[in-house]
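Participant: This is what each chain is made of:
There are 2 protein chains.
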Amino acid sequence: MHSFLELSADFEKRFDKRHFPVHPATLYDAAQYILRIGGKRVRPVSVLMGCELFSEINDDAYAVANAIELFHNFSLVHDDIMDKAPLRRGFETVHTKYGESTALLAGDVMLVVAYEQLNQIDTTKIQSVLRLFSKTAKEVCEGQQLDMDFEKIAMVSLEDYLNMITLKTSVLLAASLQLGAIIGGAGEANQKHLYEFGKNIGIAFQIQDDYLDAFGDPEKFGKQVGGDILANKKTFLLIHALSVANDKQKEELNQLLQTNSEDKVSRVLKIYADCKVAEWASTLKENYFNIAIKHLEELAVSNSRKAELEKLARYLLQRES
Amino acid sequence: MHSFLELSADFEKRFDKRHFPVHPATLYDAAQYILRIGGKRVRPVSVLMGCELFSEINDDAYAVANAIELFHNFSLVHDDIMDKAPLRRGFETVHTKYGESTALLAGDVMLVVAYEQLNQIDTTKIQSVLRLFSKTAKEVCEGQQLDMDFEKIAMVSLEDYLNMITLKTSVLLAASLQLGAIIGGAGEANQKHLYEFGKNIGIAFQIQDDYLDAFGDPEKFGKQVGGDILANKKTFLLIHALSVANDKQKEELNQLLQTNSEDKVSRVLKIYADCKVAEWASTLKENYFNIAIKHLEELAVSNSRKAELEKLARYLLQRES
Chain A
1 MHSFLELSAD FEKRFDKRHF PVHPATLYDA AQYILRIGGK RVRPVSVLMG CELFSEINDD
61 AYAVANAIEL FHNFSLVHDD IMDKAPLRRG FETVHTKYGE STALLAGDVM LVVAYEQLNQ
121 IDTTKIQSVL RLFSKTAKEV CEGQQLDMDF EKIAMVSLED YLNMITLKTS VLLAASLQLG
181 AIIGGAGEAN QKHLYEFGKN IGIAFQIQDD YLDAFGDPEK FGKQVGGDIL ANKKTFLLIH
241 ALSVANDKQK EELNQLLQTN SEDKVSRVLK IYADCKVAEW ASTLKENYFN IAIKHLEELA
301 VSNSRKAELE KLARYLLQRE S
Chain B
1 MHSFLELSAD FEKRFDKRHF PVHPATLYDA AQYILRIGGK RVRPVSVLMG CELFSEINDD
61 AYAVANAIEL FHNFSLVHDD IMDKAPLRRG FETVHTKYGE STALLAGDVM LVVAYEQLNQ
121 IDTTKIQSVL RLFSKTAKEV CEGQQLDMDF EKIAMVSLED YLNMITLKTS VLLAASLQLG
181 AIIGGAGEAN QKHLYEFGKN IGIAFQIQDD YLDAFGDPEK FGKQVGGDIL ANKKTFLLIH
241 ALSVANDKQK EELNQLLQTN SEDKVSRVLK IYADCKVAEW ASTLKENYFN IAIKHLEELA
301 VSNSRKAELE KLARYLLQRE S
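Chains A and B are the protein sequences, given in the same order.
Here this note's numbering is used: the first sequence runs in plain steps of one and ends on residue 321.
Here this note's numbering is used: the second sequence runs in plain steps of one and ends on residue 321.
If you are wondering where the hints come from, they were derived from the structure by calculation, not from laboratory data.
No experiment lies behind these values; they were computed from the predicted model shown.
Just so it is clear, CB atoms sit at the ideal spot from N, CA and C, and this is done for glycine as well.
Check the hints yourself; a few may be wrong.
The calculated lysine-lysine pairs, modelled on DSS-like cross-linking and capped at a C-alpha distance of 25 Å, are [stated by the list, open to error]:
id, chain 1, residue 1, chain 2, residue 2
1, A, Lys233, A, Lys264
2, B, Lys270, B, Lys250
3, B, Lys276, B, Lys220
4, A, Lys17, B, Lys135
5, A, Lys125, B, Lys250
6, B, Lys40, B, Lys306
7, A, Lys135, B, Lys135
8, A, Lys125, B, Lys125
9, A, Lys84, B, Lys97
10, B, Lys294, B, Lys248
11, A, Lys223, A, Lys233
12, B, Lys97, A, Lys152
13, A, Lys311, A, Lys220
14, B, Lys264, B, Lys276
15, A, Lys192, A, Lys223
16, A, Lys223, A, Lys135
17, A, Lys84, B, Lys84
18, B, Lys17, A, Lys135
19, A, Lys97, B, Lys152
20, B, Lys40, B, Lys311
21, A, Lys306, A, Lys125
22, B, Lys223, B, Lys233
23, B, Lys250, B, Lys152
24, B, Lys152, B, Lys40
25, B, Lys311, A, Lys97
26, B, Lys233, B, Lys276
27, B, Lys84, B, Lys40
28, A, Lys250, A, Lys264
29, B, Lys294, B, Lys311
30, B, Lys97, B, Lys40
31, B, Lys248, B, Lys223
32, A, Lys311, A, Lys192
33, B, Lys125, A, Lys135
Anything over 12 Å on all C-beta distances counts as not near chain B; from chain A, calculated [as the list claims (entries may be wrong)]:
id, residue
34, Ser75
35, Ala154
36, Trp280
Listed below are several chain A residues computed to face chain B (Cβ distance under 10 Å; list not exhaustive) [to be verified]:
id, residue
37, Thr26
38, Phe74
39, His78
40, Gly99
Excised from the complex, chain A in its bound form (with noise of 0.2 Å):
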């Protein structure tokens, strides 16, 4: 068994490759340029985890975590694009450096490449892989579509905001490691269990990350502490401040939101403290978690197979940055 990093590491020097063709480069180009900007490739070498509880890792393998690193880098350039991001782990993102249009269109052809590389796998395995595929498709694209309609309403229920962040983010590292498992030959029972552990780890990661930048130390966390609030997005902690807090505090909480004084963060935060939110939000993270290691415990393979998952489950959710 391999560790997180070790497979990283071997994730990354195979994936470091032209993934498109050469013309038109006004094209191509642009998608090949998101792909070197890297990140933690936490999904694709999660396939490769998911298959290697099971069987040795092979092509297969390498060709499903591919088209999982493009279909996560495709939902990331139109992402960019829907939010008029500048910026990307502090470089420049595909339409800023290229162009909406041609941004637009990279995403497309990414979309098209993850597909290509999930028609090398094994025939026998095509249908349940693409099954699990598109569907998982289909809910990142309903997440970000709920995220931006939320953006319009006042109040999100706890209920309906989870289900968002599941969408969103959640479920694509959930069939990361499920489309593993079902490349290394796992039974239905495996192949859930993995896919429910990597659901409520994704979770507990997304309720973390609402965590870090309210809560975070300013010393580790790289980006600005406080920035949700002071871009009044929804989060975990604000959706449930505004679900516990008092009449006073709610209508506080109502106008800073209206707001951008430059002590809204330090109010919200107050109100944040008053009202327990950060205690609310570890006991929340922490039963996220649990459920997970449920699922991983109920797995039926041994459990030195498993060491490696439950240290990355510990690795994701104990950072603080």
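Following the hints, position chain B against chain A.
Facilitator: Okay, now just chain B, sitting in the frame of chain A:
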């Protein structure tokens, strides 16, 4: 054997249903909207006709036809965003009606649902169908990128324009016919002839499109005659005129391209007449039509089976609007 019109009515009836989940309606209603606007359904019906050359039209052929029509509409939705087009077939474009972000996502899910349709077919054929479909999808994106690139270049060669048009519009018709043939069980040589038939008909169709825009009968032509001239659009006609015009004509043409004077259309048409552009275009169109018919003749299928395809080709190329 069925006629184009019979198969078109049949396809229309089957295709007229919800192709997407109900929720979130903010996303999927936008995707469904463009499908209802209609069109001639030439490409999906070509799948059915390509299949019927070799066997009965079965569920796999309908699934591929659905995928082709979904893909075509995906490309229209994204192209309309890039072209900032307010209308399509007299209706508001998706981004005009639902906003650019939703249109972008709606296009994305349509592409995914197209692949879901392909995943319905017999496993023994999935790989070759996916291979051709994805290759074609990339080419259509390449064609759109080249079209945008050409807008920024003063002079485009006929060869480059032809390549762009082939990618942007002809390969999808060609692939539709070949995909139908694959489903129908055709051998590779027959598949190839059918592809070339469709590709050359597609090119001839585009020459006719450019021709009608300049020389069409205003009574029969639905759009404003001279629209391409007013928009300085690179067309077969303009590219040829620029390549054969004498220095004086060339200077006048280049000047006209930089103005929007009232007599722009009539003055460009005068140069086209002096350069015999109409005659050249008619001959060029005829040449591609003849190449197409030659490939149809080479098909190892009885002539009676081919009759409807030849009729379709003549119908597409003899229209006046």
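Participant: Report the numbers of all earlier hints that the structure fails to satisfy, in ascending order.
Facilitator: 5, 10, 15, 16, 24, 25, 31 and 34
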